[in-house]
Structures are given as structure tokens and as C-alpha cells.
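With chain A's structure known, arrange chain B with the ligands on it following the hints.
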Amino acid sequence: MIPNTLPSSLADNPRLEQWIGFPAEGRVAVRTGKVELGQGILTAMVQIAAEELEVDLSRLDLASGDTRDTPNEGFTAGSLSVQIGGVALRLVCAEVRSLMLDAAAARLGCPREDLAVEDGRVLQDGAATGLDYWALAGDLDLTRAATGMAPVKSPAQLRTLGTDVPRTDLPEKVGGAPFIHDMTAPDLLHARVLHRPRKGARLVALDEAAALKAGLGTVALFRTGDMVALVGEDESRVHLAFERLHERARFEGGLALGPEHAEPGFLTGLDTAAPRIVERGTPAAGTAAQRVTATYSKPFLAHGSIGPSCGVARYADGRLTVWSHTQGVFPLRAAIARALGLAPEAVDVIHRQGAGCYGHNGADDAAFDAAIVALGHPGRTVRVLWTRADEMGVAPFGAPMVVTLDAGLDAQGRPLDWTIDIRSPTHVDRPGANGGVNLLSAEALETPPARPTPADFPDALGGGAVRNGFVLYDLPQQKLVHHFVPDAPARTSSMRGLGAFANVFALESFMDELAEAAGMDPVAYRLSLMSDPRARGVIMEAARMCDWETPPPDGFTRGFAFSRYKNSAAYLAMAVEVSVEEEVRVSRAWCAVDGGLVVNPDGAINQVEGGVIQAISWTLKEQVMFADGAVSSNTWETYPILRFSEVPRIETRLIGDPAHPPLGMGEVSQGPTAAAIGNAVTAALGARLRHLPLTRDRIMQALLAD
Amino acid sequence: MSLEITLIVNGTPSCLVVDETTPLLHALRNMLGLRASRFGCGQEQCGACMVLMDGKPTYACSHLAMDADARVVETAESLMGHPLRAAFLAEQAGQCGYCLSGILMSAKALLDRTQSPSREAIVAALDPHLCRCGAHERIIRAVERAAAMLRGEAA
Ligand code: FES
Ligand code: FES
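Protein chains in written order, with the numbering used here: chain A, 82 to 787; chain B, 14 to 168.
Careful, some of the hints might be misleading.
Unchecked claim - So, partial list: chain B residues that the calculated Cβ filter (under 10 Å) puts toward chain A:
#1 A40
#2 C59
#3 A61
#4 R98
#5 G107
#6 S114
#7 L117
#8 I135
#9 G147
#10 A148
Since the hints were made in silico from the structure, they are not lab data. Note that CB positions come from ideal geometry on N, CA and C, so glycine has one too.
One chain only, chain A, in its complex shape (with noise of 0.2 Å):
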């Protein structure tokens, strides 16, 4: 059962009308905060709704992420859209057709024990009544706050949850427009904006005449503080002008950005405040008869959309109408006032779906770029559209780490005490987190917003670089040191997994490094110190699918991992079969998930196996390089990522027991992925990769090194 407490989107939310409305015959209007990112999402949120309200899912028309009409659910993040949003929807439906029913038992005269509803029509003992939802809509109060206490569905009534319901969004993405980059109006005004390569740096030249003659008079140049953008009706023409203008400004000053960055090393050294400390449980008795000791590392990764950001904007009578594919509408519009000095009220937010989205990337800079040169153009619709070179280069990136582990073990191999050691610079600078603006072209302005104290995620909401630093694994104790790096020379925030990949890199390569010194095999090893059951579940059944226990073929290695993500999400182990000549390829990889109830186990299983993709890029190629003051990996040929000829064959079961909730799953295969590589590796070369990524040039330092 879904425990009837309040998720914190109806705490925030809390009136049954934000959610739930009845506005014609046979609809169903229903408002989610969270927003589409790719993940299916929408889909999910219409299964929930259809299903506790009882109706088809043909009668819904589902809002998201609108500042005009939709709950304020802050961000689309940390994989908790069904967990908490998809919950609170699923408790409202519930007590909306709850009231329903009441409704129609007073007008009937009859116990309400004798009424049903089946797509929105009362049935009393299996007959029409006459009555349905619409007809009853009238006698509710929909503006009374929800309780929560309708009881849900069990699963054994569940027949929409569950199942795989085709993805609502998909059929316009294929050859349809659906895409924020897609919208267009008879007014519409194309616009580029010049952004700074790195933190701090002052435009210095522009050569605005040479811009203007590439745009053969038809491109102005708009510019507030130190932001440029160039506007005109024809796109070809703002984009050579564009060329021509980026390819001549100057920029001086700034925070130093070089070669040395590409390594997460240059993070030690920088963490000026003491480490935070937190520690649980107390070492067992005894001596250590031997201790192990690693140093793990990621790099900067950046998120690599495949569209760049873009950002719509109209400015008129006094309001300003922003369009993005923000994670975050209400949170957006809140900076987008602040930095502009406009009332929250007089600006509306509405989300549009862009490409693909893995976190904190360009979507909110640009829509705060499109709102600028729309103040500066009143009634005309602005369309700010990034580079290739802007999204890898100017977007916030995920924060290289670095990690070390130390366990004392006993004679079995048994932890007696263990550390984690982590080093990072913060995980989130979202819109509006630690009371800042956080937009990039503010920064720009005449007069920037005062910057915020740096300071990461908080550990209560799964916390950013520490996420996932304690494991489940039956230890007497475990101390985690958390260095904070308040001023990384690039911009970083959330992106996939947060300090979970790092660290679960680093922790599930550290078990087996463990399993080797304790002269256990990695799975019994892992199983030897795991008591939770449901871990114990993926772990076993991961096994099971790969055949663990049989050798590979040859010519290939097997790796294993496992991690619940974030300690309150799904659980996930997996097993990778892998072969390393010159360079690592992934040629299998078995998954065994437990999430609980899961709304649609097709579009889960896309979410698990696309994560594991994206980390076995992230894993052997993915590594943001910088020189002259600048990312120089700013195309796809300096910062390639995994193709077709590359991806793994992928089977992935969901074993999780319907009765219980559902937990997120958009993130847990990003850290035992690269773990599980690490591991396979590590059984190919007899030596172990421990700095990410696992490329060509490591792989023979390593076979040197040996």
C-alpha cells in the first residue's frame, strides 16, 4: 500500500482544484508540476490519474510545468517525479473520486458501498445510475484541501498501473514538431547571444561592423552590460553574423581555465574550509590484519544534449512570457524576476519539451537570454537559440571528484572500520539555490546579482557530492569526510546521479578490491555483507541472469555492481561482459531493478538501459578539456560519446513486489554501470583503472605500469 501521508508536493499544493478539474463534458483536466524531459514522464502521470479516478485514459488532458496553472512541484529532479509528484496525484485522484462517490450517495439515498465508477460513471450494484463525474462535479469542493486519506487502489485493482501504456509524447517526435526549438510566430526574432568562455571574463572588443556586414543589413546588435545577442527576422543570417561576431570579441580577466583542469587532481588543494565530517556507528574490536586503500577520480562531464538549449520570450504590456524546457518553472520565473527587477507576477514560465535533459544544463541561461533581448524588443516573440560550442562549453557541467576509500579488515576479509574521503565542488547552482540567481548571462549585466556562498545539495534532500558516500552493506562503522570546493575554475551543478556516480564508482570498485584481498568472489563477497533483503533480490537475480557462475566466453570479462540509489530509491545490480583490446568495449550488460510498484515497466526499463548507455560513455570516453582560457572540447569530435557500433546488448529485469511504493528510477544505473566496467577491466588487465575515463592512453599506462 501507498502510505497515506502527505509527499510534500500536496503539502505544498495542498487544494484538490490545483490538480484535478472537470472543466467540460466527459474531461478530465489534470496539472502536474513535474515536467516531460524524455523520461516519459506525462505518461506516467496520465496512468496514475486515469487510474485511481477511474476513468479512460482518452478523457485527460494533462498541463505540466505552466506558472499560470499548474502546482509548484520545484524542480523535475533527483528521480523522485513519481515518487513524491506521481504519489501526490495518485492520493488527490483517490480522494476525488472518493468525494465522488459521497456525492452521488447523498443524491441517490443509497450507502455508498453499493456505488462503483467506471469510466467516470456511477454504477449502483453494477447499473447505470445516470450520474457521473460531470454531472456530480458541481456538488464538490474542490478548493478544500486534500487529506489524503482516501485510500488507493491495491495492487490486485490496478489495471492501468503497471502496464505499459505507449509513451502519449512520442508519436509527434517521430516526424512531428513538437520542440520548444519548433515554435514559431508571425513576429518571431532570431537571436544568438555572446557568452563569456570562462567565469569572470570582461568582453573587452567587438567588432560589431563586421557582424552587421555578414548579416547583410538585416541583423541588429542588442546589448545590455556585457551581454551581446544579434536579432533578425532571417535565422541564416543572425548565425553568420553570429560567426562573424564570436569569432572576433575579446574577452580578459577571469578565473584561470587550462589543460591542468581536465584532471579532477587540481581539486586537492582547493577545499580552503575544514572537511565536514559524519560518522556512523563505531569500528569493531580487534586489530586489522591488512588494509586497503584507493584513490578514485571523475573529470568535469558535460551534459551533451543533443539540441542545444533554446529559449522563447515575449515581452508585452507589461508581461514578460517566458517558454523553456526548464526543469523548473516556478523556480526559473522566480530568478528571471529577480534578476530583471520585475514582479514574480508580471512573468509567466511555461515549460516546453527540448532535448533530451540529464540535469542542470543550458535550459534555464537560455530562457533567461531570450527574456533579456525580449524586454529590449517589446512585442515581438524572441527565439534565442545556443551553439554546439555554447552547450558544451558554457553550460554547467557535473563536478569532477575525487574520491579515496580505507578499510581495515579482519582475517575473513571483514570491514573492522571504513572511510570515505570526498572532494568536490558544489552539485547544485540551479535557478535560485542557495539564494542566488544562478543564471549565466546575469552575471553579464551592468549591475550582476550579488553571487550566492557556494555551498552543495543538502544531505537531508540526498545531498550532492556525498550522495550515496555511506553504503548499505552491513559495516559496524563508516566515516565520511566531505571536502567542499567552493570556487571550481568552470561552472558546475546537477547532472545525473549527482556525487552518486563518483562514488559509487569508487565504492562498488572498492568492494572488489576488498573481495580480492579477503580471497572471496565479488558476488558471494557483496551477498556476505548484505542483509537488506530486497538488495540482496537485484544482487542475487543479477547474477542469476549473466550466469555469473559459468566463466565468460573468451576473449571477454565480467564485472558486477550493485547500489540503491541515493539509499531511498530503486535498488540495482548489474553485471557487465566486457572485452579490452586497445580499447574497452561493453559488449553485454544484465540488470536486475527493484522499484516497487512500477507505473510502466517499458518506459522504466528505457529509463534503467538509456542510463546504462549514457555511463558506459561517461565510463571510456567522456572528459571535458580546456585550454587558452577556454573548453576546448566543444564539439562532438573533441568530446565524443558512445555510437551505435558501441552499445551493449542489455536485458533487464523488474523484480520489485507491486505492493510496495514506487521508487525513482531515472539515475540508479549511471554508478554501478561505471563500477561494473571497472570491474570487467580490472579482470582483463590484471590491473585496476581507478580514474575515470577508462580510455586507450590509461589502459596502456596501466599494462606499463603493471
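Leaving out everything else, chain B with the ligands in the frame of chain A:
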């Protein structure tokens, strides 16, 4: 310099006035309102913009509109009744879907050549395309399914 060209897109000829530098992609999206072809990089490195020109996969981001004068251009809008569309929906092949239009066109070119492509041939045809969401395996399955449909073996 502006010039007048005729583009034959999805079977319909249109006269357009373009610059010598106008990319085919902008002519399709902004002048003809065919917005399924997407901008991804502008550098022939991602395949989001892929269209067919005289049946061959062509990067619309870098190909000049004037060089497509009097040529036969196909875009993803033309696939409404094609088995590829049905197959991609049946396999739920995509996450964000931004990469799909270009991939569909490369797949179309392949299936125009052969209705029995091997997995290797599909992978090779799609290798110029990037998908950041990791929908690759489903996309490969969808192309296999579309081929089977063309052969009359699947619905
Ligand atoms: S947009 Fe043409 S290849 Fe990327
Ligand atoms: S589905 Fe998002 S890029 Fe392919």
C-alpha cells in the same frame, strides 16, 4: 546575393528566394515550415538534421539550399504512412526523440536499398547519428521491425 531556387520536398515543388549561404535546414524549417528536421550541431557531427537528397542521406545543416535546387528532398514529415513510423512507435524507440528525425531518414535510405538489412548494416547506417538518451537498442529493433513490415512479415 539572393537567388531563386526550386526545392522538391516530399513530392511538392516550391520556389524560394535564398541567400548563397542559406543552409538547406533553414530553408526547410523556416521557409517551408517543415520543422521535423532538427539542428543539433551544424557541423556534420550528430545527424539530427539528416534528410535525403536524391535518396542519399545528406546533412541539411551544412548543405546549402542552393545546391539542392531542382533536387528531390525527403524529410521525416514524409514518413506519416511509412512502416518506419509505425515500427518506431511499436518499439517505443526513443526517449526525448530529438535524434529521431535524422535517424528515420538514414533508416529510410537503408530500407529503400534493402528490405533485409543485417543488424550490422543497420548499425552502420545509423553510426553517423548520435543519441544522448541511450535509445540505441530500441531504435535498431524498430528498424528491424520496419524491414519485417516491408517484407510483409510483421504488423
Ligand atoms: S546538425 Fe547537422 S549533423 Fe548535427
Ligand atoms: S532519444 Fe534523446 S537523443 Fe535520442
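Hints, verified against the model:
Residue-level restraint check for B/A40 holds (minimum Cβ-Cβ distance to chain A is 8 Å; threshold 10 Å). Interface hint at B/C59: satisfied, since its Cβ lies 6 Å from the closest Cβ of chain A, which is below the 10 Å cut-off. A cut of 10 Å between beta carbons decides the hint on B/A61: the least distance to chain A is about 6 Å, and the hint holds. Nearest Cβ of chain A to the Cβ of B/R98: about 5 Å, under the 10 Å cut. The hint holds.
Here the hint on B/G107 is kept, as its CB sits about 6 Å from the closest CB of chain A, short of 10 Å. About 7 Å separates the beta-carbon of B/S114 from the nearest beta-carbon of chain A, less than 10 Å, and the hint is met. The criterion of a C-beta within 10 Å of any C-beta in chain A is met by B/L117, whose closest approach is roughly 7 Å, and the hint holds. Because the beta carbon of B/I135 sits about 8 Å from the nearest beta carbon in chain A, less than 10 Å, this interface hint is met.
Residue-level restraint check for B/G147 holds (minimum Cβ-Cβ distance to chain A is 3 Å; threshold 10 Å). At its closest, the beta carbon of B/A148 sits 6 Å from a beta carbon of chain A; the interface hint therefore holds under the 10 Å criterion.
Comparing the model with each numbered hint stated earlier shows that all of them hold.
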